[in-house]
Amino acid sequence: MPDSGISILFEGRNLIRLAQGLWVTAYIAFVSVALSTLLGVLVGLAMSSRFTALRAVMRLYLDAIRIVPVLVLLFLAYFGLGKVFHVNLNAELASILVFTLWGAAEMGDIVRGAVTSLPRHQRESGLSIGLTEGQVYRYVIIPQAVRRLLPGAINLATRMIKTTSLVMLIGVVEVLKVGQQIIEYASLISNPTASFWVYAFILFLYFAICYPISRYAAYLEQKWQS
Amino acid sequence: MSSSEKQTLLSIARLHKSFDEVEVLHDVSLDVGKGEVVVVIGPSGCGKSTLLRSINGLETINSGAIFLNGEDIASGVTPWNKVRQKIGMVFQSYDLFPHMNVMENILLGPVKAQGRDRKEARRQAESLLERVGLLERQDAFPRQLSGGQKQRVAIVRSLCMNPEIMLFDEVTASLDPEMVREVLDVMLELARQGMTMIIVTHEMSFARAVADRVLFMDGGRIVEAAPPEDFFNCPRSERARKFLNTFTFEATRKERRTVE
Amino acid sequence: MHFDLAFIQNYAPLYAEAAGLALKLAFWGILFSTIVGFVCSLIRYYRVPFLSPVTGAYIELSRNTPLLVQLFFLYFGLPKMGIHLDAEICAVIGLTFLGGSYMAEAFRGGLEAVSKIQIESGLSIGLSTPQLVRYVILPQAFAVAVPALGANVIFLIKETSIFSVMALEDPMFVAKDLIGLYYDTGEALLMLVVTYLIMLLPLSILLTYLEKKVRHAGFGH
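First to last, the sequence lines map onto chains C, F and L. Take the first sequence: its position 198, counted from the start at 1, is 206 in our numbering, and no numbers get skipped. Take the second sequence: its position 15, counted from the start at 1, is 24 in our numbering, and no numbers get skipped. Take the third sequence: its position 68, counted from the start at 1, is 276 in our numbering, and no numbers get skipped.
None of these hints come from the bench; they were simulated from the model. Just to be clear, a hint being listed does not mean it is correct.
To be verified - Rough simulated footprint, nothing fancy, chain C against chain L, three-plus residues with beta-carbon under 8 Å:
no., region
1, 276-285
2, 359-371
3, 377-387
No residue lacks a Cβ here, since even glycine has one placed at the ideal position from N, Cα and C.
The following block holds chain C by itself, in its conformation from the complex (with noise of 0.2 Å):
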């Protein structure tokens, strides 16, 4: 009887677990996309340098990592630094480096797209009424640039945070793990929809926060189109 099962969510402690599965999960994202947008910066400054090998090294970069599922390189953290290499990473750090890794890459290629799109002559008549180099960046060419690079940025951060569900399957315990435990524990006490529910409830967990951000992303976009 489904209106029997939607009370696993109510049962217990298991809201508050849920909730403390979710921070979790908001940690990792947050932390890996605060880290990939400083990252991404520099990679992106990086990507549009002058210096040809720098441009090579940088899209190698993007390209290994955008060619690897994120899962695969998850894995790669998790099993492979410990048996390769010796270093050993718990589940939390291997997800927040390979978020990281990725984001950085992906970031930079909005960063790198924001750069090299504003027209030359932007910077050329800044300097033409008298800017200092320093001034035009400053006046000219960042506020252009954000504004080009923004919603992409926005987008991505959504994007890391629905993939962080995949850090379960190297053991973190967050929001999809605690409900999988939650599940578990409802079979024995004989609640059969309960999984119904639960998954249900953390679709719109996801739902509930990528939604607002990503609806201001379109916002912006519509915005500063023109």
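Since the structure of chain C is already known, use the hints to place chains F and L on it.
Chains F and L alone, transformed into the frame defined by chain C:
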């Protein structure tokens, strides 16, 4: 050559058109005789483009009627895609289909919309292209053509539908100056052959040369309608005088600059 | 670093088979995604009454939730409500549910790139709406959408890497198994990476080539 002697081809009666709250066409009535060339001029935002677009059903009118050969085409009885096969229209921006070459652009309407035989339509397209001097460019893609060439192809694309009337919406406005002439020459030639046309333009000397009648529009109304000699020599309304003055003022400034 | 070549030789066929399964599921998922996405984008483009908001809600739901949770819901949640789905079917449905919205967005980008004047000049030579869509809008929209569509194909193939949670024997499943059974982690992971490279690299190169070609075609607006 006055329009009353000729059979009326297009008749617009009491046309009203608003965008939201703003009225862009106010009680516009106009008869165009068969073979007549009407040039519409006026300041930007006066409603001249909207008038043309309404005739082709690209804008929905709020009230009034548009008759083509006595049939009310704005009533919705005949689907617009049938009506448009009889009304050719050329736009300001180069509007060729970028994924098709010149010949495919021209044949799309005759073959797909009118269901005509491809070979027969092709023969007509070739003779039209020959007339505008572009027969050898029939396999070119739009990106390989100059602006003037694109507009000539766009005119041929409309003509190949054998329309009863042609509408030109500032077709030379985005052209480089040296290409304006080749497009206007095609239109002059069409006028000579007796094509019925309504032309919206800012080219005053061309208007004078091609028009049987000049309409001056302002604020969504037809302010003045007169033969070109009368209109350009002694416009009756103050607004038309002011409008024409903006052109002569530009001319005197240019003269002064050459003197310096 | 030392790799056990005999081990690799022994288990390579297992990976090949697993890659075959992943590609088969990806093929069907991508095919249905493309169809769903195409239909959804047209519904949104023409703002079909009733269907358009429903499609919009689907796109938002699909884009703002992780595939992993979608699959858990389909595979473990739905049977509890009496809907039992085979793991492979679940995988294809899940991938289609996710991919449909991404494909819809790719097509939408293409449709929106077709300028108003193109549509009007199509109308002005008397084309009907279906003719306009068929001869004017779609060819242009498709050319613009190619890079995004291609990126989605690669994205969706990569997403198949989580199908192992439904006990489907894809490359991830094989790797996990081998790591668990033999502790030959290095070899198992190496083969895993190589498997995905073989699956994705040719496609990725083809896509880069296509993208360049489309950009050069340029249409000359």
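Tested hints:
With a cut-off of 8 Å between beta carbons, the region 276-285 of chain L has 7 residues touching chain C; three or more are needed, and the interface restraint holds. Residues of the region 359-371 of chain L lying with their CB closer than 8 Å to a CB of chain C number 5, which satisfies the three-residue condition for coverage. Evaluation of the coverage hint for the region 377-387 of chain L: fulfilled, as 4 residues show C-beta separations to chain C shorter than 8 Å, against a requirement of three.
In the structure shown, no violation is registered for any of the earlier numbered hints.
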